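Colleague: As they're listed, the protein sequences go chains Y, B and X. Its first residue numbered 2, the first sequence is counted upward by one per residue in the working numbering. Its first residue numbered 2, the second sequence is counted upward by one per residue in the working numbering. Its first residue numbered 2, the third sequence is counted upward by one per residue in the working numbering.
No wet-lab data here; the hints were simulated from the structure. Computed from a predicted structure; not experimentally measured. We treat Cβ as the ideally placed atom computed from N, Cα and C, and that holds for glycine. A couple of the hints might just be wrong.
[Said to hold, decoys possible] Stretch-level coverage of chain Y by chain B, calculated; a stretch enters the list once three of its residues show a Cβ under 8 Å from a Cβ in chain B:
hint, segment
1, 37 to 48
2, 299 to 306
3, 331 to 345
[Stated by the list, open to error] Below, in silico cross-link-like pairs of lysine-lysine (DSSO-like), each with a Cα-Cα straight-line distance of 30 Å or less:
hint, chain 1, residue 1, chain 2, residue 2
4, X, Lys503, B, Lys20
5, X, Lys404, B, Lys98
6, Y, Lys653, B, Lys552
7, B, Lys552, Y, Lys30
8, X, Lys359, Y, Lys404
9, Y, Lys653, Y, Lys375
[To be verified] A few chain X residues that face chain Y, going by a derived Cβ cut-off under 8 Å, partial list only:
hint, residue
10, Gln109
11, His151
12, Glu308
13, Ser355
14, Pro360
15, Thr361
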Amino acid sequence: MEKKLYHGAAYYPELWDEKVIDEDIKLMKQTGINVVRIGEFAWAAMEPEEGMFDLSFFKNIINKLYDHGIETVMCTPTPTPPIWFTQGHPERMYVEKDGRVMGHGSRQHACTNHPYFRLKAELITEQIAKEAGSLPGVIGWQIDNEFKCHVSECMCETCKDLWHQWLEERYGTIEQLNEAWGTQIWSESYHGFEQVPQPGHAPFLHNSSLSTMYQLFSMEKIAEFCDEQAEIIRKYSSAPITHNSSMMFSVDNERLFKNLDFASFDTYATIDNFPAYLINSDLWRNIKKGKDFWVMETSTSYAASLESYASPHPNGYLKAEAVAAYALGAEGFCYWLWRQQRSGCEQPHSSVISAWGKPTAGYANVLEVEKMRKEIEPIILSTRPSQAELAITYSDRAKAFFKTESHRGLNHRALLVDFYEKIVSLGIHRDLIPEGAGLQGYKVLLTPFIPYVSSELVTRAKQFVENGGVWIVGPLTGGRTEAHTVHTDCALGNLEQTAGAKVLFTYPMDGSGTIGRAFDVSAPLGMWSSVFEFDQETTVGLIEEGLSEGKSFITEHRLGKGKIVMLGSMPLGTEGDVMLQKLVDHYSQEANIVLRTDVTKGTIVAPRKGDGYSIWFVINMDGNGGSVTLLKEGIDLQTNSVVCPGKLEVGKFEYRMIRINEMEGI
Amino acid sequence: MEKKLYHGAAYYPELWDEKVIDEDIKLMKQTGINVVRIGEFAWAAMEPEEGMFDLSFFKNIINKLYDHGIETVMCTPTPTPPIWFTQGHPERMYVEKDGRVMGHGSRQHACTNHPYFRLKAELITEQIAKEAGSLPGVIGWQIDNEFKCHVSECMCETCKDLWHQWLEERYGTIEQLNEAWGTQIWSESYHGFEQVPQPGHAPFLHNSSLSTMYQLFSMEKIAEFCDEQAEIIRKYSSAPITHNSSMMFSVDNERLFKNLDFASFDTYATIDNFPAYLINSDLWRNIKKGKDFWVMETSTSYAASLESYASPHPNGYLKAEAVAAYALGAEGFCYWLWRQQRSGCEQPHSSVISAWGKPTAGYANVLEVEKMRKEIEPIILSTRPSQAELAITYSDRAKAFFKTESHRGLNHRALLVDFYEKIVSLGIHRDLIPEGAGLQGYKVLLTPFIPYVSSELVTRAKQFVENGGVWIVGPLTGGRTEAHTVHTDCALGNLEQTAGAKVLFTYPMDGSGTIGRAFDVSAPLGMWSSVFEFDQETTVGLIEEGLSEGKSFITEHRLGKGKIVMLGSMPLGTEGDVMLQKLVDHYSQEANIVLRTDVTKGTIVAPRKGDGYSIWFVINMDGNGGSVTLLKEGIDLQTNSVVCPGKLEVGKFEYRMIRINEMEGI
Amino acid sequence: MEKKLYHGAAYYPELWDEKVIDEDIKLMKQTGINVVRIGEFAWAAMEPEEGMFDLSFFKNIINKLYDHGIETVMCTPTPTPPIWFTQGHPERMYVEKDGRVMGHGSRQHACTNHPYFRLKAELITEQIAKEAGSLPGVIGWQIDNEFKCHVSECMCETCKDLWHQWLEERYGTIEQLNEAWGTQIWSESYHGFEQVPQPGHAPFLHNSSLSTMYQLFSMEKIAEFCDEQAEIIRKYSSAPITHNSSMMFSVDNERLFKNLDFASFDTYATIDNFPAYLINSDLWRNIKKGKDFWVMETSTSYAASLESYASPHPNGYLKAEAVAAYALGAEGFCYWLWRQQRSGCEQPHSSVISAWGKPTAGYANVLEVEKMRKEIEPIILSTRPSQAELAITYSDRAKAFFKTESHRGLNHRALLVDFYEKIVSLGIHRDLIPEGAGLQGYKVLLTPFIPYVSSELVTRAKQFVENGGVWIVGPLTGGRTEAHTVHTDCALGNLEQTAGAKVLFTYPMDGSGTIGRAFDVSAPLGMWSSVFEFDQETTVGLIEEGLSEGKSFITEHRLGKGKIVMLGSMPLGTEGDVMLQKLVDHYSQEANIVLRTDVTKGTIVAPRKGDGYSIWFVINMDGNGGSVTLLKEGIDLQTNSVVCPGKLEVGKFEYRMIRINEMEGI
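Model the full structure from these sequences, guided by the hints.
Modeller: This is the structure in C-alpha cells:
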C-alpha cells in the first residue's frame, strides 16, 4: 500500500445496477472516500452455481474504482455460502448448543470446520485471489467477515470428530485428560477420546475443563481456517491481509492474527460508552505491533437492524472518533456502510448515502472527518504512535474462562473496559498487549481478570520485574490452572510462589460487608477475592471490616529491581474507583512513568513520536469540552502559534495538535 | 336472525350431565341470557371415533334451548381435533418456529393446512351443517375459534410446500422474487421456489421480505380454510356466519371476513386499559360495514388460566362495556363463559355461574347488563350507529411488518390503541377502517403506523384528498415497499411523490435530544423519523433542536380541494400528546368535522342516527363519572325530560341517552 | 449407630491421592469431624468398566477412617452413571419437557425409570452393600443424592409406557380417567391409556389433571426406585438408611421416606432468609417422627457454582445454625464439603479445607461448631425435642398442584416459609407435619396452601376438632379435587361441608381493592379467595371494602369440642401480617397452647424434654442479639447459675441453655 490515510466504506456493488454504481463512485469522490471494502458476502454472485465461477463483475468494479482513485480491500465471501451449498445438507450447517441446526437465509450458517465447506471455501478463495490478486486497485485483503460474531462453538458431528482429534493432540492419552480435568468427579471419566462429549444438553453445568477447552478448540479451528485462506491469497497477491475482528467475538485474536499482516476491527460503541470505542485503538495497535491498524467498520451515526437501533451520534462525535483512531495508530477509518441496504435485515443501519442515493443524517459528519483527515495526514505520516510505559494484559483465553465461570454473570469485556477507563481518566498513556507480547519498554504491567496465567507469562513478567518493572496482578487473576481447575499447591499456583505472596483463602466478598483500606482510601471490596496473610513488610491494602478483618488484600513484593503487587479483591463504588486510581498512580509514579498528564474526564491525549519531537493529539470525546495540562511549551500545529505550558483547553469534540520538542519520553 | 339485542354466553353442554343442563337453562332464563354459542371444541363428542358421527346430542340441546327461548350460534369444532386424528401423526401437527412439534392435549395443535386436516374438517363441518343447519334455534354460525390465538406461522413440511406454491403464484419466476426481495444480499439468492426456506433457525435475522411474506402466506391460508368452511355451511343453512377474531391474532381480518357475513370479536381488556376494549367496536363495525357486529366473548369479571389472572372488573364496569358495545353497533354481547370450567386449564376464568351452579362474583353485573339491554333495545333497534367523519386506517398487514421489523420492540396494536385513545379523548367520533375500505363520507383520514402503503391506497386517498379530504399520514408510515424493502427512488416512494413532500433522510430520533414544535407546542420527538426539507409553504412542524435543527417534521401539501399532512416523527410525552391532539383538532376543524363534542377523560359519546334525529349514548367508562357538552337541546330518554345545551353529567359507570332532533351531522 | 452427635462432611477420596487423604484424615481429627459421607458420585471409580466392580478402595478408606475414629455414611452412586452406561444410548437418558435429551458430563442425566438403569443400579448397589455392609465404620446409608434436584419429570419413551401403566392402575378404565379429568373439554378424550400424552409441547396449557398426575407419577416412581435400593442394602447391612432430600426437589417426601429409616436434608439458605433454614428442622423431625434427623449438607460459608455464588455467612451464624439443628432434633450436622473441589463445576463452593489443603474462610466457624457440639452433646443426648402443640400441614403434593396452577407465579415453598416465619415470630413452638401424620398431642392445626385436601385428612382433622382441636384452614386450601379439577357440589367440596361453611363464590382479590377486618385489624386481601356468606354466628373476618363488601373472609365453626376456622383470603402487607399473627395468637390462646413465649425477631427457643424438666435452647439467628421471656425460674447450664423469670438476653449468634423443672407443657 502506498502510505496514506485511508477513509473508506464497505460497499456492495453486487446489489445495485450500473447506474447506481456510477453515481456511487461520483459521490464517493465528492465525499472523500478513497478506499472501499467489497465482496465479503458475495459468494453467490461469484459462484452462482456450484463450480461456475465468474469474477469479472468484481474485477471490473475494482478497476473502475481504481480509475477514479478509489482503492479496494478485497474480501473472501465465506460467511455466506450460497443455496447450492446449504440446501438439503443439514450436516454442513452450524449446530447451536441447544441442538438447533441452522438453515439458509442469514449468515455464518455453515460449520466452518466441515471438510466440504473448507474445500469450497478454498476453491472460491483461490479463484478470487487468482483473478483479483494482481489488480493494481487491490491494496489489501480481508478474510471472511467478523468470525464468530453471531455464532460461537458449533456442536455438529464434524466438530465432534475434530474435537476428539484436538484433544488427543493436546493430551496424548485419555488418562492425561482425565487427570488434567479431574474427570473422576461425578463419574465423568473417559476411556477414550471418542467418548468425550461436546458441552451439549445436561441437567446441570458441565465440567469447567470441558467447557473451556471446547471454546479453545473452536478458537483454534477458526484461526486455522483463516490461516488456510491467507495462504491461498499469498500465492497470488502481495497485498497485506487482515480480518475485521472484535473483542466481542468468540475468537482468540492473538492467535487469529498470528499469520495475518495487519489488524483491523469493527466497533459500534455509542458515545455514552466511548471508552469501549477507544480501548480498541490501544489494543489493536499491539495485536500486530509496529503495524498500523484499520477501523474496518464503524457507523456514521448509529448501528441498527430490524429489531433494534442505537441512538445516533451527536454531531461532531464521528470526527472525534476518527482523529483519535488515526492518532492512536490507525491507517484506515471505514464506515459500514456506503449505501444503505434496501433489503436483508440491516436496512435501518446508518450509512453514508441512503438507499435512494441521498446524503444521510450522518453525512455532514463524514465530510468533517474527511476535512480532518486531510489536515492531519502529513502529521500522521511523519510520526509514529508512541509506545506506552504502562501496559494492560489482554487475553481472549480469559474471556473463554469467564464464559465458563462467570461468577455472578460477569462479562470479561465489560470488566476490562471499566478498568481501562480508570487508566484513561488518569491521563496515563497505555497499551493493551496480548498475553504473549514482549514487555520491553514498559515500566508498569497490569494483569487483571485473567483466571489462568501461563507459566510462560509468569516467567516473562518475572524477568520484567527483576529488571525494574512493577507488575500489578489482579483482581480475579491466577486462581485457575491451564485446564480450568483449581490449583492444589496454593491458591494461585506458580504466580503466588513467584510473587512470594501467601494467600490464606479465597471467597466471594460481594454482600459480605468487607471494607478495605489502601492509599488512604477505604472502600467496599467485592468479587471473588484472595485474602493474603497480613505482613508489615508486604501489606499495602488492609481489610478493615468483614470476615477477614486484619488481613491483607493488596500486597507488594520486591523482586530484583522491581515489584510484584498482588491485588486480591475488587474495590467497589466511587471510593473503590479512587482507590484503584491511587494504586495505579502510586506505582506509575514509583516506576517513573512520564508519558502522562492531567486530563479532564472525556478528554484524551494521543501522543506520537517524530524525529526529535512529539506530537500530542488532544481530543475531546464526550462533547463537553475539557482540558489537559501541557508540561512544556509547544506549538499548536493548527495555528502555528506557541502554546505555553499549563492548561490547554479543547472545545466540544475538537482536537488540537501540539508539537513538543525533545521532551523526554513523551 | 330476528332483530333483537342478544345477550349471550359460551356454553359447553357436552361437559355436563342432563341435570346440570336443565338447571343451566333455568338459570339462563332467570339471568336473561337469550343466546348461547356452542360446539367450538366438541369435535370428540361429535365424532368420537374417526368417521362415526353423532350430532344428536347437540341437535337436542339446540332444540331444548330453543324451546326455552334461547337461540344458538353453532360452531365448527376444528380447533380441537380428537385423539384419533393426532395420535401417531406428528406430520399433521403444528410446528413452532423453533422446530417443536405440537402434541395432543391443548388446542390449535394441528396444522390447519395439512390436507388430511382439511379433509376431516370438511367432513365434520358438513355433518354439523347438514344436521343443524335447518334447526330453528340456529341463528348464526361461528367457524372454528380464535384462529391463530395460541399459534402463528406453522413450519411443517406441508406448509413448506404450500409456501413454495404461494410464492410461485405471487412472483411468477424466481428471478422476480430474487429481485423483489433483494436476495443477492448475503448470498441468499434462490434458483427455484423450492429452495426458499421457511423463516426457521438462523444465526441472525432473516431477510425482512422472507419474514413478512411468510406471515402474509399464513394469513392467506387460514382465511382460505375459513372460506372453505363457510362454503360448506352455506349449502345447508342460511344463517349468517362469523368468526370470533381479535386484533391480536396472527390473521388478516380484512381478508378473513371478506367471505363471512358478520364480524365478531373477543376481548378481555381490563378497565385500566378500557380504550383497548373500546377500539374494537369502532373497528369491527367497519370490518363488515353496515352489518352489526357481536362481542362474542368477554369476561363477566376477569380472564384467567392456571398460570395467570387479571384483576376483576369493578362493579358497574360490565354494564358500561355492554352499553358502549350496543350503542356503537353490537347486536350481541356474550360472555365467556356461562358455567365455570371444572377441568382443563381455564378453571379460574370468571363465568356467569360457578362450576357448582351458583352465581359468581360477576353475576350481579350480568343482571345489570340485562336490565340495561331491555331498556335500550327499542332505541337501538330503531336507530343505526352514525358513520364517523374521521377515520383511522387499520391494517393487519402492518402488524406483520412490525412483527418482522419491531424497531425497538414496538407492538403495532399498542401503538394503535395509544393513538386511538388520543382521538377518543378529543371527543371526536371515529371509525377504524381496513386498508381497502371506501372513504366516502369521511373528512379526515389518519394513517399512522403502516410501513407499507399500497399504491391502491395512495390512489384512493389521493382522490379523497382531491375531493376535499385531509389525509394525515404517519408516523412510521410509508417507508417500506410491498416486499418489505426500502424504496430506492425516495424515502417514502409513491406516497412521498403523491404528497409532493421531500424527505431529506430518515433515522431513529429516540435518545437524540430532538425537539419539535408545531401548533404552538414543543415536544420531544422519537421513533424512526422522516425529516423533511424546510419550506415556508409546507412546513407545519419545525425541528427546534437536535441533529436536524431547522428542518421540518410535519408538512402540509395542498392537493385538489384537500390536503396531505405528513407526520414524520412521533411526538413523545405529555407535550407530545398535546401536540398530536392539537394536530388532529386543527385539521378536524379545518375539515369541518361536526360529529364531536367535549368529553371529560373516561367518558364517551356513542352517536346513533334515527329518522330525523340522533341519539347520543353518553357513557362513563372509567368509574370516575364525567361530563360531555351537549351542543343542542335534547331529551333524556330515561327521564323523558328536556336537557338543555351545555354540560351533561354522567355518574360512575352510568349511561344517558339523549335524543336530539335534526342536528346536522350528529 | 452409637448415640452421639455427629459433626461431619461430604468427602470424595476417589478424587485425591493417598498423601492428600492421609492429610485429610489428620485435619478432620483436628477439626472435630467424626463422620464423613462418601461415594454418592463414585460409580465410575467402583465400576470403571461395565460389570468390573472394585470396591476395595472404598473399603480401605472406610476402614482407615474408622481406625482414626471417623465413621462413614455410605452412599449409592446412582446419580452419575459412567460413560459405558450413557454413551451411544440416548434412550437411557433423561428427556426434558422441551424434548432435549440429556448427554454425559453432569449428573442426573439418566432416566431413573429406564429398566437398564434400574438393573445396573441394582447391581452396583448390591456390590456396595455386600462389600461395605458389614464394615464397622459404616453407621448409615444414603441412597443416591438429591433426587430430582436438577431434573423433574422425565419425558422419555420408557416413562411414557410406565405412565400409561400407572394411569391404568390408578383409574382402572379409560372412561374413569376421562370422567375424573373432564377430558371432553377441548376434545381431549382418550380411548385407551396408551393414548394419554405426556405433558409435552402444546400451543397452550395442558389439562391440569394431566400436568398434576404426571408429577405424582414421577414422584411415585422415584420413591419406588429408592425403595428398591433400600431393600438391597438391607440384605447386607443393618445400618439405617436415608436420603438427602429437600423441600425444593420434585419429590413427595412423605412417600419417599416411608420405607427409609431416618430423614436427612440439604439446605443452603442464607442468613437473610434464615426461616428457610429453620423450617427444615421443624419439618424433617416429623417426616420420620421420633427419629433424629440429619442436616446432611450445608455450606460452611456460601453455596456456589461456576455461574453463581451466595454471600458468605457472617461469623457466628454457622454455629447458630448448628445449635438450632441439634436442639430441634438433629443427630448429625454435615458440610458439603470437606475439601474444595479442584475440578467439575462446583469449585467455588465453600468447604472446610481448600483444594490446597488449608483452612478456608469458614474454618474458624467450623471449629466454633465443634466446640459447641462438645458442650451440648450430653444435654442433647439426655433429652428429646419437645412435641409442639401447634402443627402446620406440609404437602409436596400441594407443591405439584401449585406447579400446575401457579395462579400468578406463586411458589409453594416461598408461601409456606413466609407463613411459617409468622408463627416463629410469635414464639410458638411448631411442627410441620406431613398430610398423613397423626394429630395426637396437637391443639391447633394450620392447613394453608393445600389446593386438594384428601377426604382422609378431612376425616382425621374432623376427629381432631371434635376432640377439642382448632383447625385453621386456608388460604388457598381445598378448592381442587384429587384429580385437580374444580368441585361441582360446592366451592370446597367435602371440606366446606364438614366445616359447615358456605362459600358464595371464589375469585382473585389481587388488585381489586378489597379490605378485610378481623381481630381489630384492617388489611388488604389478596390471592385467590373464597368469600363466605355473612353470618353473625360464624363470621370472624368481615370484608369492609371491595366487590364483596359485607361478606365474610374468615369464619369459625364449632364442631364437637373444637372449631374449624376457614381463612378464605390472604391478608397482605404489614397489616396483613399483624392480622394473621393475631388470628394464630387468638386461637392458640383459645386452645391453651403453652409451649410458647415472647421472642424478639430473629431469636428462637428450641425446647427439649428431659425426665421431669425441660431445656430451652435460646438462640439468636440473625446476628442482632435479642431476648425471650422466661416464664419460670431456670438454671443456665453454661454458668450453672439461676436465671429469674422475665427477660432473658442472648448475644449476637449466641445460644443459652436453660433448664426448667416441672414446667407444665414446656
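Colleague: Hey, does the Thr361(X) contact hint survive, CB to chain Y under 8 Å?
Modeller: holds (5 Å)
Colleague: Quickly compare the C-alpha distance for Lys404(X) and Lys98(B) to 30 Å and report which way the hint goes.
Modeller: holds (26 Å)
Colleague: Using 8 Å as the Cβ threshold, decide whether Pro360(X) counts as touching chain Y.
Modeller: Cβ of Pro360(X) sits 7 Å from chain Y, so the hint holds.
Colleague: Any CB of chain Y closer than 8 Å to the CB of Ser355(X)?
Modeller: This interface hint holds because 6 Å falls under the 8 Å limit.
Colleague: Does Lys404(Y) sit within 30 Å of Lys359(X), going by the straight-line distance between their CA atoms?
Modeller: Roughly 28 Å separates the two Cα atoms, so the pair holds.
Colleague: Mind checking the alpha carbons of Lys653(Y) and Lys552(B) for me, to see if they're no more than 30 Å apart?
Modeller: holds (23 Å)
Colleague: Can you tell me if the segment 331 to 345 of chain Y counts as covered by chain B, using C-beta to C-beta distances under 8 Å and a minimum of three residues?
Modeller: Coverage by chain B holds for the segment 331 to 345 of chain Y (5 residues, Cβ < 8 Å).
Colleague: Between the alpha carbons of Lys552(B) and Lys30(Y), is the straight-line distance 30 Å or under?
Modeller: Holds, because 27 Å separates the two Cα atoms, which is no more than 30 Å.
Colleague: Can the segment 299 to 306 of chain Y be counted as covered by chain B under the rule of three residues or more with Cβ-Cβ separation shorter than 8 Å?
Modeller: holds (count 4)
Colleague: Checking hints one by one. Is Gln109(X) an interface residue toward chain Y, by the C-beta closer than 8 Å rule?
Modeller: At about 5 Å, which falls below the 8 Å cut-off, the nearest Cβ of chain Y leaves the hint on Gln109(X) intact, so it holds.
Colleague: Would you check the hint for Lys503(X) and Lys20(B), treating anything up to 30 Å between C-alpha atoms as holding?
Modeller: Distance ~22 Å between Lys503(X) and Lys20(B) Cα, so the pair holds.
Colleague: Checking hints one by one. Is His151(X) an interface residue toward chain Y, by the C-beta closer than 8 Å rule?
Modeller: Holds. Min distance 4 Å.
Checked against the numbered hints given earlier, the structure satisfies every one of them.
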